[in-house]
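Chain A is fixed; fit chain B onto it per the hints.
So the sequence lines, in the order shown, correspond to chains A and B. In terms of the numbering used here, the first sequence opens at residue -9 and continues consecutively. In terms of the numbering used here, the second sequence opens at residue -11 and continues consecutively.
Watch out, some of these pointers could steer you wrong.
[Said to hold, decoys possible] No more than 16 Å apart at the CA atoms, straight line, and that leaves these computed lysine to aspartate or glutamate pairs for EDC-like:
1) A:LYS1 / B:GLU205
2) B:LYS136 / B:ASP21
3) B:LYS159 / A:ASP390
[To be verified] Heads up, incomplete: computed chain B residues facing chain A, CB under 7 Å, no partners named:
4) GLY160
5) CYS162
6) CYS259
In case anyone wonders, no lab produced these hints; they're calculated from the structure. Remember, it's a predicted structure, so these values are computed and weren't measured experimentally. Backbone N, C-alpha and C fix where the C-beta goes; we use that ideal spot for every residue, glycine too.
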Amino acid sequence: MSPELIGARMKRYGGLDHAAGRTQFVDDLRAPGMLAAKVLRSPVAKGDLLHIDTSAARGLPGVAAVITAADVPHNIYGPGRLADQPVLAQAIRFRGEPLAAVAAIDEDTAREALELIRIDIREQPAVFDPLEAMADGAPKVRPEGNLFLFGPHPFMYAGEKPCREICSGSLEQGFASADRIIEGEYRQASVEHAALEPQCCLAVPAPDGSLTVHTMSQHPWLHRMELCAVLQMAPHRVRSVSTAVGGGFGGKSDMHADPVAALLALKTGRPVKWRWTRQEELLYSTHRGAWRIRFRDAVTNDGRILARDVRSIRDGGAYACYNYGCIESHCSTVAGPYAIANVRIQGYLVYTNKPPAMTMRGFGVNEAAYACESQMNRIAAELGMDPLELRLINAYRNGDIMPNGHRLESVALVEVLQETARAAGIELPAHLQAMSSQARTGDL
Amino acid sequence: MKKRGIGIAAGMYGTAVMGGGDKSMAVIELRPDGGADLLLGSVDLGQGSTTVLAQMAAHELGIPYDCISVHAMDTAVGPFCAGTWGSRLTYVAGNAVVAAAREARQCLLEAAAPLLKASAVELDISEGKIVSRGNPEASMPVAEAVFKSPLIAGRGSYAPPMRLPDFTTGKGNCFHALAWGAAIAEVEVDTETGEVDLLRLACAYDAGRAINPMLVEGQIQGGAVMAQGQAMLEQLYPCYPTVDSQPQTFHDYIIPTAMDIPGIECRIHECPSPEGPYGAKGIGEITAVVPHPAIAEAICNAIGVRIDEIPITPEKILRALQR
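Same shape as in the complex, but just chain B:
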């Protein structure tokens, strides 16, 4: 018989390192072709941090996104970054990039002011052009201003403020920018085979501010699939606690692939963080914190028996139904 069930779960996850102090830096150099080189120490693992950081740089500089070249992940090229973990890049490296871009922008406006016979405060940069707010006639491409000036560059550095707990109580205001999330899963369980079909997953996450909603949705989908594997399929030690009969290939260590993935309804909520760039919070890990308990619960709900151990494999379902 096929039985359906739903399950819900909620969660929270802090951005960057608890206690703070984890630094990231950025350097921006404008090029005489009107573009900019963004130098970072921050590694993009595929999640899209480079895209988000380039968006912030282009936004602050007033030049098109396509004009930003990112040079990262090389200790001989980029400045220090404490690393890609802890859901920290958009937030920490983002603040560093914004600071670097603002300094470079100021540097450019000051260099362009005498060229345009204006004062720097009157000038603005938009779509790759320096324009005077007072006198629309006075304008100059960024490329020309950079070419005629000494090096135009900016530096940025950011570390979330140190918030160490009290020495005697071990307590304190240690988190930065907690993000929030919730998920509801619906499954169909075949009570004869124990097979589970994850029908759909609805989730909402607080991104503070989604710098690039497409990439936030990517994190939501990726987190959901990782959690699906954790809830239904994956176990590195099938004979736990021993290390016997360990899987050695992707034939016996099964992770969800395209045919297993349900329809995922992604909602992005924006509750701005006071310290994040444009209000952004880290979204990388919260998205993998919520869905697995929702899926596990949906299975228990469908079969009417509690199983308090993930992954909930068909074998465990059949054993639970026999009890």
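So that you can see chain A by itself, here it is in the shape it has in the complex:
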């Protein structure tokens, strides 16, 4: 054993190659006979693609193939049972949804070919505001409605409930004994992952019909399964290589470029690379969804939170995918790292005609923390209490049970709060400095 290695500031593996510009990312790769892909995207946010004519595009010199929905063996992808997104759409649900793809000798030719594709779309009313989408009579993003319907159990996906609900204790009791009721509503904007490396895939077919996909996936194993489902190929015939990735943050948890590059490579028998532009990345890739989160708290004048009632609404965009898990992890933590006996949490996942909101660093918890911590600061201000003290007295201790039933161990919230105060040069009064995450002895 070499004990000094654990806890050691070892130099980054491959760091020198990164610093010297020697690391090969997907876009650095070239294959003989490689074609460039470009995708025709929907100009409207909602509608039906009635007709598509690719003959002129196919006839353009330098174009090797044009594909539409009809060329996709299984035109639906996503994680397992929640797969719901078409590779090339016919029922359009967001502006920029891919409709057709071209492989050509270079990007300019491919772009020129896109302009020769004639499309006939019957536009329909779109809905962008989650609150409007929740109202009766709103245009339907999807035929089944605009709310994701939850099952009775967090791991039993779909069901009949309009929201995921987590309750503990009795709200009524908590509010009955409150000194005051403090309410707040918090909103946060959609943001982009903004990884330095945009989406890119190089698909290389082999003479035996198998395929190597050079991609930048956060999970090549799961994406290979999803890709094989689209292509209707056995997994051992597809190899997924994700050698160097230029940042992910959740933006590479979903397949973006792989299916189109793979389909074009199989159709042409030649390597095909599809590289997204930064503009495509910003306009059409997945993103952190916007949220609107309402808190209603029963509070005592000495800073205890007796009850907390939270309603969260996530703007999920047009497809389900990991949105569902995001709601689960959000609802499990949105009441905050604080011991509160009476809690109700309701999380709604609403479909709108936007690109799908997906995973992003902090997965529902980042947004939960913004709302919850802002509410804690509002409470501290209304009570005229030090916000640090408010947190320390309510902070989870070992043995506390969260609203979702999780019993806590290895808790260190009090300690990290104390440490943060020290790092900021704030001297805590002795009674707060003496606190620890040790299990409580009495009731809450």
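Using the frame of chain A, we list chain B on its own:
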């Protein structure tokens, strides 16, 4: 006028997938040059998981860190990994690497025992040498033992235990290794222009055990900058809820860059997780969960008006001050 304010926030984040069962695997083969090939299915996105996993392998095998070659991220080469998300690699893939390295180490010691005329339990590996605890004379470089033996390899696999919630109540002990964090931000707001200067950020996070503190600090700094963008700058739909006037370049979608980043005081707290390798917890996402509410609060504190919507742009600050 320039006004200063401070804000605080705290947070928690579970390691790996809620409910468990997300598997990662590792294979280690020792080479006759004394090094080892570590085969993984786990992708390093730049955060440094490969470094941390190689450190664990070298530590368990008793060979120098530089002797580990990692071959990962290729379904034709490495074994299965459920992916790089959910703050899971150090914890889940880490446990798999530790298990693989321990099996490879045992395999090596058993092969070396007859060569050193000792029993495997007496042998130890340190700095690339197999040594007998009882007899310091009896020693052999790892390279020689591997060269003289059949394939020396180890397999490792780990999935956090399945903890599904109760079917009727929907409740249960679903989290693994919750990590904890807190941040305090200080800002200066120009009340004439609405411009915000993030002066400093102090934060502390519970890493369980920091396998590589430099990389934990990297996560803390990266998370802080991402949260800074979220609190002050970034909005993909400026006319939300519509999709009009969307930014299309990094000229109009502004993310913080070197000149915007404040001094960040990073503190690492270590409250070990019972199941993590060496007590480690996931640190990847908790570091982006805490700073943005602290920064938002510091701005509200500075101007004396609450703004409950991020990003808090100069425009929103000026409108709030006019109210």
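Evaluation of the provided hints:
no.: 1; hint: A:LYS1 / B:GLU205; in the structure: 13 Å, holds
no.: 2; hint: B:LYS136 / B:ASP21; in the structure: 12 Å, holds
no.: 3; hint: B:LYS159 / A:ASP390; in the structure: 15 Å, holds
no.: 4; hint: GLY160; in the structure: 5 Å, holds
no.: 5; hint: CYS162; in the structure: 6 Å, holds
no.: 6; hint: CYS259; in the structure: 4 Å, holds
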